[in-house]
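J.: Sequence:
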Amino acid sequence: MSEETRHERGIQTFYTSLISGGIAGLVVDIVLYPIDTIKTRLQSEKGLWRSGGFRGVYNGIGAVAAGSAPTAALFFCTYETIKKTFTSEANQYYAPYIHMGAASIGEMVACLIRVPVEVAKQRRQTISSKTSSISILMEAYQIEGVRRGLYRGYGSTILREVPFAFIQFPIWEHLKANWTTSTGLELTPAAVAVCGAVAGGIAAAMTTPLDVAKTRIMLAEKNLSKRLTVTSVLRSVYKDGGVTGLFAGFVPRVLWITIGGAVFFGSYDLASRWLHFHGS
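Residues 1 to 280 (full-length UniProt numbering) make up the sequence shown, in order.
Hints were generated in silico from the structure; no laboratory data involved. Be careful, since some hints might not be right.
[To be verified] List time: in silico BS3-like cross-link candidates among lysine-lysine, alpha-carbon distance up to 30 Å:
{"#": "1", "residue 1": "LYS176", "residue 2": "LYS46"}
{"#": "2", "residue 1": "LYS83", "residue 2": "LYS176"}
{"#": "3", "residue 1": "LYS239", "residue 2": "LYS46"}
Turn these sequences into a full structure, and let the hints steer you where they fit.
T.: Here it is in structure tokens:
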């Protein structure tokens, strides 16, 4: 393969990942948003019912709709670019480690968009007023600043997202690579969706305590946020609620991400195939 052809394919991969990731992120977040709202309310310090119960489960959808596409697009173009750069036929033994590294770096980059969106979304999900997501972000910036307001919980989000991606993507890639030999079936978008559901469910189950910590930090009163760390929050949650507290919202989180994994990866693969077909 010539250097020019390699460069052209690299550009095509970048833009395909960018567009496909954006489509997949938008679809999954809008479809499964109510489950995420219930999960957030279960994990909040006020609990499900005092945070709104089952009312207004689409509160904060505006922030998500605006942020999900660029977040997923940024993640996938980073992930695919790193994966394509370092993976070759000669080093397949190292492929899982490359997938882990690519997914971890992709998440750290994507969190630059994801965290402010999460701040607006989770505050909107747990308050009863009609305050808009934009107003919430403006207030967070004016009162608490960039680091303590807009990017509150960035560290805890990274500590949740990186282990999640570290687990999810190698499993997803492994299941895809072995799908045909294991099942005798073609690797269709539906099959990719099944692989995504399994990988997402496993990763979600294993990282629920980190998600609880991230939610508590993002929803904390501004005068408390400076003293909160992932370790201190997990200790406090365990002291108050034991193991059950650490896994608050386990069922909706695993359900949401299992279904979300199917929708997300299925949509991503379908969009990628369509773009490759029409771009070839």
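J.: Output the numbers, in ascending order, of every earlier hint that fails for this structure.
T.: Violated hint (a single one): 1; every other hint is consistent with the structure.
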